Amino acid sequence: MKNNLILYIGILILGIAAPFIFPAFKVQLSILCVLIVLATTWNIQGGEMGYNSFGNILFYGLGMYLCASVQVGMFFPLAEWTESGGEKTFVHTPAQFFQGMAVGLIVAAVVPTIVAGLIGYSILGLRGHYFAICTLGLGVAAGEISGGIEIIGAGQGFTTPPFPDVGSLDSRGEFFYFLSFFVLVLTFVTVRSIYTTRFKLILNAIRDNEDKAEAMGIETMKYKIIGWMISAFFCGLAGGIMGGLVGYIDSTDVAFDGREMGVFMVLMAILGGKGTLWGPIIGATVFHIFKEGFWTFFLGWQYVALGVLIVVIVIYFPEGIMGWLREKYPERFGEVVDEKDRKAQVELK
Amino acid sequence: MDFMVFQYPMISVQACLDGILLGILFALIAYGMALQWGVMNIINIAQGDLVILGGYIAYFMYLYGIHPAWGVIVAPVIMYFVGIAIYKLVINKVVDRDLFISILATFGISILFMQLMNFAFGADVVLANSDYGTTMLFNNNVVLPNSKIFSAFISILFAICLVIYMKKSKLGRAIRATAQNARAAKILGVDTEKVYAATFGINAALCGVAGALISITFTIHPYMGLPYTIRSFMIVIVAGLGNLPGVAMSGMGLGVFEEFADYILGTEFRIGSVFLLLVLILIYRRFKLSRKREYLK
Numbered sequence: 008m009k010n011n012l013i014l015y016i017g018i019l020i021l022g023i024a025a026p027f028i029f030p031a032f033k034v035q036l037s038i039l040c041v042l043i044v045l046a047t048t049w050n051i052q053g054g055e056m057g058y059n060s061f062g063n064i065l066f067y068g069l070g071m072y073l074c075a076s077v078q079v080g081m082f083f084p085l086a087e088w089t090e091s092g093g094e095k096t097f098v099h100t101p102a103q104f105f106q107g108m109a110v111g112l113i114v115a116a117v118v119p120t121i122v123a124g125l126i127g128y129s130i131l132g133l134r135g136h137y138f139a140i141c142t143l144g145l146g147v148a149a150g151e152i153s154g155g156i157e158i159i160g161a162g163q164g165f166t167t168p169p170f171p172d173v174g175s176l177d178s179r180g181e182f183f184y185f186l187s188f189f190v191l192v193l194t195f196v197t198v199r200s201i202y203t204t205r206f207k208l209i210l211n212a213i214r215d216n217e218d219k220a221e222a223m224g225i226e227t228m229k230y231k232i233i234g235w236m237i238s239a240f241f242c243g244l245a246g247g248i249m250g251g252l253v254g255y256i257d258s259t260d261v262a263f264d265g266r267e268m269g270v271f272m273v274l275m276a277i278l279g280g281k282g283t284l285w286g287p288i289i290g291a292t293v294f295h296i297f298k299e300g301f302w303t304f305f306l307g308w309q310y311v312a313l314g315v316l317i318v319v320i321v322i323y324f325p326e327g328i329m330g331w332l333r334e335k336y337p338e339r340f341g342e343v344v345d346e347k348d349r350k351a352q353v354e355l356k
Numbered sequence: 010m011d012f013m014v015f016q017y018p019m020i021s022v023q024a025c026l027d028g029i030l031l032g033i034l035f036a037l038i039a040y041g042m043a044l045q046w047g048v049m050n051i052i053n054i055a056q057g058d059l060v061i062l063g064g065y066i067a068y069f070m071y072l073y074g075i076h077p078a079w080g081v082i083v084a085p086v087i088m089y090f091v092g093i094a095i096y097k098l099v100i101n102k103v104v105d106r107d108l109f110i111s112i113l114a115t116f117g118i119s120i121l122f123m124q125l126m127n128f129a130f131g132a133d134v135v136l137a138n139s140d141y142g143t144t145m146l147f148n149n150n151v152v153l154p155n156s157k158i159f160s161a162f163i164s165i166l167f168a169i170c171l172v173i174y175m176k177k178s179k180l181g182r183a184i185r186a187t188a189q190n191a192r193a194a195k196i197l198g199v200d201t202e203k204v205y206a207a208t209f210g211i212n213a214a215l216c217g218v219a220g221a222l223i224s225i226t227f228t229i230h231p232y233m234g235l236p237y238t239i240r241s242f243m244i245v246i247v248a249g250l251g252n253l254p255g256v257a258m259s260g261m262g263l264g265v266f267e268e269f270a271d272y273i274l275g276t277e278f279r280i281g282s283v284f285l286l287l288v289l290i291l292i293y294r295r296f297k298l299s300r301k302r303e304y305l306k
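Chains A and B are the protein sequences, given in the same order. Heads up, the first sequence is in this note's numbering, so the first residue is 8 and it goes up one at a time. Heads up, the second sequence is in this note's numbering, so the first residue is 10 and it goes up one at a time.
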């Protein structure tokens, strides 16, 4: 326990110092924070609950659009803003920008949570692959529909308010980095405290055998919906930050990007090891480094690499990094290993 | 919103006929999906991309001066081997595993195919022109391109051939036996590995036919695959596995739905409405099943 505390403090200090150590990578580090948030929250219902969703992108995109719309709509008419596109006729003052961002992020977190609660009852009743395909459909449908709505820019996209001029040039990167790092810490603390409660055991029971869990007197539907709502809350927040960070929202390429972000979060969690606390974090970090390397050096071939990567990870590495470590060093995970038994198993293999 | 379709009955007739002809094509793709789902218990997200690949084969024949209708014969032959290759490389490693693993693996294949096709054929919307002309019906109020009628006819022909093949041939019997009980079939001497490969190959061949027909009648684009997957998935869950008339009927129903959605909501919401319909159908199915479960309690 004491070791853990030192570890956490070390990571916290590293996190705060990171933008000053690597000043050139501020945006990348912020994106990494967002990716970790997405992977960790996907893991709540994908890894712990056994409900493999492709649809968390719905909350992410919703948060993105909501945050930007609120930020604009609080001070200026939204329709005129989107119509003018890149040509800025309205400019946010710094105070307006930060106020709008704060309110926007709250809305971006709360509304997806409510949406998850509302649709959860109908959708979480689906099992297995029906759930996976249904959420896939939801994500794509949201992208297609938001691409047809005029007020949020329809097909031509939505430019989020540019960062106001507050003195130094670096402030934009620092602001978004610390915002996303704060959300990351918030997510981690929440998820970690969830994982020490009975709630996590219930989620695991649902994953292992839902019917039995129900027979044991657990109201599975309630807990499934709560689990999904927690995911949605942080996905919305992450989306809101990402919208501001990217600076431009497109319905199918940025917000409801099921082909990229929607798969990334699943892949990161699986790569790190689903159903563990640290797995998604490690997975997201490894994935982000790999991805940036590929996107930089093999531009154009990145989707080919992504497709191959998915297939390879899924077929040869379904337990992920944490699963691999666990098999290799079970003692470190608090498992008592009977040497004799282990040897016998190795021989059997 | 535009309700013109209800004010002028001829537009409704047009939409219905278009929808039915389109739906027959969907049913052919869905039949392939039902086949592999039933036999191997795999949901292939790359189904739509196989369709588009088949379409590009026909399109290339058209580019080189061969009539694209011949693609109906060439595409399935090529696609059969593509299907076998995919099976040998990827699918045979996920057959016995968790369904989500197979969904994710085929999703990877789908992304891979999408991008490779984008490289190879460019990101333009293309169509292979067949020069079949049009047929006018009802006092010239309803216009049907002959290519659509041709494609519906060919689809039905292929479906009938496949049904007969499944019933009569040795391989067809082996496939049906494996679908019923893979383990028992194995014990009785069926080489299930071979059956799986053949099933996937046949599915890919069906996709190839459908794709060739789609490239003649509609347009193809490297990124257009996923909607076809979703449509066939939807048709299969509405009809149920192994219910061929049901697949045909729900395919046509979906076609008609899409045409009407196109007229009423506008073309930009067409794909969105398909995906929403999928969600609604799944939710409906969930409540129906949960009622049944309560009844059993």
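It is worth saying that the hints were derived from the structure and are not from the lab. One thing to keep in mind: the hints can contain errors.
Said to hold, decoys possible - Here are the computed lysine-lysine pairs in the DSSO-like style, where the Cα-Cα straight-line distance is at most 27 Å: (1) K297(B) / K176(B); (2) K179(B) / K219(A); (3) K219(A) / K297(B); (4) K219(A) / K207(A); (5) K177(B) / K203(B); (6) K335(A) / K179(B); (7) K97(B) / K229(A); (8) K203(B) / K176(B); (9) K229(A) / K297(B); (10) K203(B) / K102(B); (11) K207(A) / K33(A); (12) K207(A) / K229(A).
Stated by the list, open to error - Covered by chain B, per the in silico footprint, the following chain A stretches (three or more residues, Cβ under 8 Å): (13) 132-138; (14) 194-208; (15) 319-331.
Just so you know, these numbers come straight off a predicted model, no measurement behind them. Ideal Cβ placement from N, Cα and C applies to all residues, glycine included.
To see whether the hints hold, each was checked on the structure:
For a cut-off of 27 Å, the pair hint linking K297(B) to K176(B) is broken: about 33 Å separates their Cα positions. Of the supplied pair hints, the one linking K179(B) and K219(A) is violated, its CA atoms being roughly 43 Å apart against a limit of 27 Å. Taking the CA atoms of K219(A) and K297(B), the gap is about 21 Å. The hint holds against a cut of 27 Å. Pair hint K219(A) plus K207(A) holds up; C-alpha atoms about 16 Å apart against a cutoff of 27 Å.
About 18 Å separates the Cα atoms of K177(B) and K203(B), which keeps this hinted pair within 27 Å; it holds. Note on K335(A) and K179(B): the hinted pairing is violated, with a Cα-Cα distance of about 48 Å set against a maximum of 27 Å. Taken as a hint, the K97(B) and K229(A) pair is broken in the structure, with Cα atoms around 43 Å apart against an allowance of 27 Å. Restraint check: the Cα-Cα separation between K203(B) and K176(B) comes to about 18 Å, which is no more than 27 Å; the hinted pair holds.
A C-alpha spacing of about 20 Å is found between K229(A) and K297(B), which places the hinted pair at or below 27 Å, so the restraint holds. A C-alpha spacing of about 14 Å is found between K203(B) and K102(B), which places the hinted pair at or below 27 Å, so the restraint holds. About 34 Å separates the Cα atoms of K207(A) and K33(A), which puts this hinted pair outside 27 Å; it is violated. Only pairs whose Cα atoms come within 27 Å are accepted, and K207(A) paired with K229(A) is accepted, the gap being roughly 13 Å.
Interface restraint, the region 132-138 of chain A with chain B: holds (5 residues with C-beta to C-beta distance below 8 Å; minimum three). A count of 0 residues in the region 194-208 of chain A with a Cβ less than 8 Å from any Cβ of chain B is obtained; the coverage claim is therefore unmet, three being the minimum. Three residues within the 8 Å Cβ limit are the bar, and the region 319-331 of chain A against chain B gives 3, so the coverage statement holds.
Consistency note: the structure conflicts with the earlier hints numbered 1, 2, 6, 7, 11 and 14.
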